[in-house]
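Kindly generate the complete structure, drawing on both the sequences and the hints.
In order, the protein sequences belong to chains A and B. Position 475, counted from 1, in the first sequence is what this note's numbering calls 475; the numbers after and before it change by one each time, with no gaps. Position 82, counted from 1, in the second sequence is what this note's numbering calls 82; the numbers after and before it change by one each time, with no gaps.
Think of the hints as simulated: they come from the structure by calculation, not from any bench. Any given hint could be a false lead.
Result set (DSSO-like, lysine-lysine): computed pairs, CA atoms no more than 30 Å apart in a straight line [said to hold, decoys possible]:
hint	chain 1	residue 1	chain 2	residue 2
1	A	Lys154	B	Lys45
2	A	Lys216	A	Lys98
3	A	Lys156	A	Lys127
4	A	Lys507	A	Lys456
5	A	Lys507	A	Lys347
6	A	Lys507	A	Lys98
7	A	Lys366	B	Lys76
8	A	Lys516	A	Lys385
9	A	Lys216	B	Lys45
10	A	Lys154	A	Lys292
11	A	Lys253	A	Lys516
12	A	Lys292	A	Lys216
13	A	Lys456	A	Lys533
14	B	Lys45	A	Lys456
15	A	Lys258	A	Lys216
16	A	Lys126	A	Lys116
17	B	Lys45	A	Lys156
18	B	Lys76	A	Lys98
19	A	Lys156	A	Lys126
20	A	Lys253	B	Lys76
21	A	Lys156	A	Lys116
As a plain string of letters, each chain reads:
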Amino acid sequence: MIRTPLRPLARILSARAKGENPDAIEQSNRRDRHEVMRDRSRAKAEGRLILLGLSFALGFGAIGLRMGMTAAAAPSEPQASMSGPTIAAQRADIVDRKGRILATNLVTHALYAQPKLMVDPVGAAKKLAAIFPDLDADQLAKDFTGARKFLWIKRKISPEQMQAVHEIGDPGLLFGPREMRLYPNGALASHILGGASFGREGVDSAEVIGTAGIEKSYDSWLRDPANGGAPLTLSLDLTVQSTVEEVLAGGMKLMNAKGAAAVLMDIHTGEIVSMASLPDFDPNDRPQPLLKGSPSDSPLFNRAVQGVYELGSTYKLFALAQSLDLGLVTPQTIVDSRSPMIWGRFKIRDFHNYGPRLSVTDVIVKSSNVGTAHIAQMIGGDRQKAFLGSLGLLEPTPVELIEAPTGKPLLPRKWSELSTMTISYGHGLSDSPLHLAAAYASIVNGGTKVTPTLLKTDRVQQGPRVISEQTSATVRGILRQVVVRGTASYGDVPGYSVAGKTGTADKPLPTGGYAKDKVIATFASFFPSYAPKYVLIVTLDEPVETGSTEARRTAGWTAVPVAAEMIRRIGPLLGLRPEVEPPADPALTLASN
Amino acid sequence: MRNLFFVLSAALIVGLAFWAYRENYRTQGEVAELRALQNEIGQLKEGLGVLDAEWAYLNRPDRLRELADANFARLKLLPLAPEQFGDVAQVPYPSVTTPDPAATPDPATDPATDGTAAPAAPALTAEAAPPPPTEPAKKTAKKPAKKPADAAPVDPILAATIAALENTP
Numbered sequence: 001m002i003r004t005p006l007r008p009l010a011r012i013l014s015a016r017a018k019g020e021n022p023d024a025i026e027q028s029n030r031r032d033r034h035e036v037m038r039d040r041s042r043a044k045a046e047g048r049l050i051l052l053g054l055s056f057a058l059g060f061g062a063i064g065l066r067m068g069m070t071a072a073a074a075p076s077e078p079q080a081s082m083s084g085p086t087i088a089a090q091r092a093d094i095v096d097r098k099g100r101i102l103a104t105n106l107v108t109h110a111l112y113a114q115p116k117l118m119v120d121p122v123g124a125a126k127k128l129a130a131i132f133p134d135l136d137a138d139q140l141a142k143d144f145t146g147a148r149k150f151l152w153i154k155r156k157i158s159p160e161q162m163q164a165v166h167e168i169g170d171p172g173l174l175f176g177p178r179e180m181r182l183y184p185n186g187a188l189a190s191h192i193l194g195g196a197s198f199g200r201e202g203v204d205s206a207e208v209i210g211t212a213g214i215e216k217s218y219d220s221w222l223r224d225p226a227n228g229g230a231p232l233t234l235s236l237d238l239t240v241q242s243t244v245e246e247v248l249a250g251g252m253k254l255m256n257a258k259g260a261a262a263v264l265m266d267i268h269t270g271e272i273v274s275m276a277s278l279p280d281f282d283p284n285d286r287p288q289p290l291l292k293g294s295p296s297d298s299p300l301f302n303r304a305v306q307g308v309y310e311l312g313s314t315y316k317l318f319a320l321a322q323s324l325d326l327g328l329v330t331p332q333t334i335v336d337s338r339s340p341m342i343w344g345r346f347k348i349r350d351f352h353n354y355g356p357r358l359s360v361t362d363v364i365v366k367s368s369n370v371g372t373a374h375i376a377q378m379i380g381g382d383r384q385k386a387f388l389g390s391l392g393l394l395e396p397t398p399v400e401l402i403e404a405p406t407g408k409p410l411l412p413r414k415w416s417e418l419s420t421m422t423i424s425y426g427h428g429l430s431d432s433p434l435h436l437a438a439a440y441a442s443i444v445n446g447g448t449k450v451t452p453t454l455l456k457t458d459r460v461q462q463g464p465r466v467i468s469e470q471t472s473a474t475v476r477g478i479l480r481q482v483v484v485r486g487t488a489s490y491g492d493v494p495g496y497s498v499a500g501k502t503g504t505a506d507k508p509l510p511t512g513g514y515a516k517d518k519v520i521a522t523f524a525s526f527f528p529s530y531a532p533k534y535v536l537i538v539t540l541d542e543p544v545e546t547g548s549t550e551a552r553r554t555a556g557w558t559a560v561p562v563a564a565e566m567i568r569r570i571g572p573l574l575g576l577r578p579e580v581e582p583p584a585d586p587a588l589t590l591a592s593n
Numbered sequence: 001m002r003n004l005f006f007v008l009s010a011a012l013i014v015g016l017a018f019w020a021y022r023e024n025y026r027t028q029g030e031v032a033e034l035r036a037l038q039n040e041i042g043q044l045k046e047g048l049g050v051l052d053a054e055w056a057y058l059n060r061p062d063r064l065r066e067l068a069d070a071n072f073a074r075l076k077l078l079p080l081a082p083e084q085f086g087d088v089a090q091v092p093y094p095s096v097t098t099p100d101p102a103a104t105p106d107p108a109t110d111p112a113t114d115g116t117a118a119p120a121a122p123a124l125t126a127e128a129a130p131p132p133p134t135e136p137a138k139k140t141a142k143k144p145a146k147k148p149a150d151a152a153p154v155d156p157i158l159a160a161t162i163a164a165l166e167n168t169p
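Below is the structure:
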């Protein structure tokens, strides 16, 4: 750039010659130069402002445009940059303790119709009725030709049915994908699994919700995507459950019972290895609940958990254990057993008369009501109630089933001395077979309380102590005597050293009083007696053994043989090797010292 | 110098733009492939679920029991019984023929026997003599006294186990 000098010599000289002030020339030049500079900086500043304005406009424009696009565009699934661990199914599977499937999901389709799109509504209705025999062609034709715009036809259809509907070829018949719950084992463990049905339904999907059993109590867990599709592992063993149900069904038929229940429980962990209630149902096609009559007549009724019964002489164990633990008696103490025992206007009778005096061991072995009532009198009502409460017999079982709170024990309104005596031999207090299993487990496992659970666990429960270890060992010895020489002699299974207590309770009538020829026969057992591992409760509702001339109803003739066969069958399945039991009974020798 | 700088930066921008363009399309391609793979995984999982369900359905205990009953003539399958469930130690090894203690010299006490063979032989005879280790302690103490060394089975379960084994073809 050529700079104009401020004082060009030629002009200065000519100005000097004219006598003008040369400084004026410098001033004017300086002004020109400043003007040029000003114009240049102004243009620069203007350019900058335009640039700034443009960039602001671009920035805001971009944001505005993006906002507009976001608002107007259809929502799309966010794309995870990382693939998750699994693409979880809508509802987690339920498996048994060895991972065998008890409940799983299957993809199927639902069939719906949009009559406005239909080409030949009447013909389609006829063809549909031919594919699905339970549909009525006339009703369908009326629906298709009426004002309805949408209707569900079938909630679940098989692939063959879907193909058949495709072949009708009507554009108004449409399919929506569905995930359905499948119980591949049919009626097996049906009361525990419960069932599932559809909740909110849309065309593209439907919610699967649990309707009963563990499906309902663990509904939110099963549907929680945070579990990553991990299955719910139950404590049940599929093969053992199947064997228990098979033997129980056979026993129920043989003993002409109208219902039966069995509970097999690990006495250390509280895991329910098997729990059955008959009659049962198929959870794939869950029947409707009864609208009238007693709910206990429905196959949906879980006798093992919901059914509370007076369980009879099996309760004598609790009087025995408590009196031994309190030091009121020893197994050799002689108690009065004269039958009938008269208390006010009531008489307590034994099944047979067992003579005027019996030792405490024989009271249990022969199952004397009178003897037990005398022992209960020594204990007293308050202590008895507290002890039964500590075994969990006075409140519903905390097992993980939605029905569990409905199995609420029936207590006497007033715990009088007479109640104390009748409860000691199992009348006046109603509990479920599961209650009994947990209480027996608590007593024979060394004396710590066991809470039943349906979930697999490896942890041995460290419950509060209910009786001392010494008492537990003594009780085990006495209960072994019941099987060896007492009321449960049919319960002896070679190699498994079964011990237990029978119980035959007359059924209370709805009108009050007790039925003459209707009983609940129970056998509460555990095995092996010297180192118990499992407790098994078998209950038969109204059994009658008609093998001989007289009809026999006592548990020793009905529930005990069924339980013995069950133990014989499930022993090997549980991994218990038949063993020769120790010859002498250590518990009895110890106590006599 | 300045011009060179301009040219270089322009070339850099073009290069970067080209790179970004390619990366963008490659990412989109990868995302599409990922989506396809996830779909495939989903379908395979669905198929696996169906197969699992079918496996469980075909192996349900009721069906297996019916099949075992239907084919009883051929398979002769019965439910597992306690008698069939024993310990290997409960089976006396038939190969061990116990020699008469009077006639045969005891290898353990015989100084002439080869040193390597000596420890093995008494171990075998000792194996046959005491009852199985699962037996309770009291029986263990009594048995050897009243029993010959060739270990005839004493308890009924053991007898049944051996009988079952002998009947097996």
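- prompt: Checked against the structure, which of the hints given earlier come out wrong?
  reply: 4, 6 and 7
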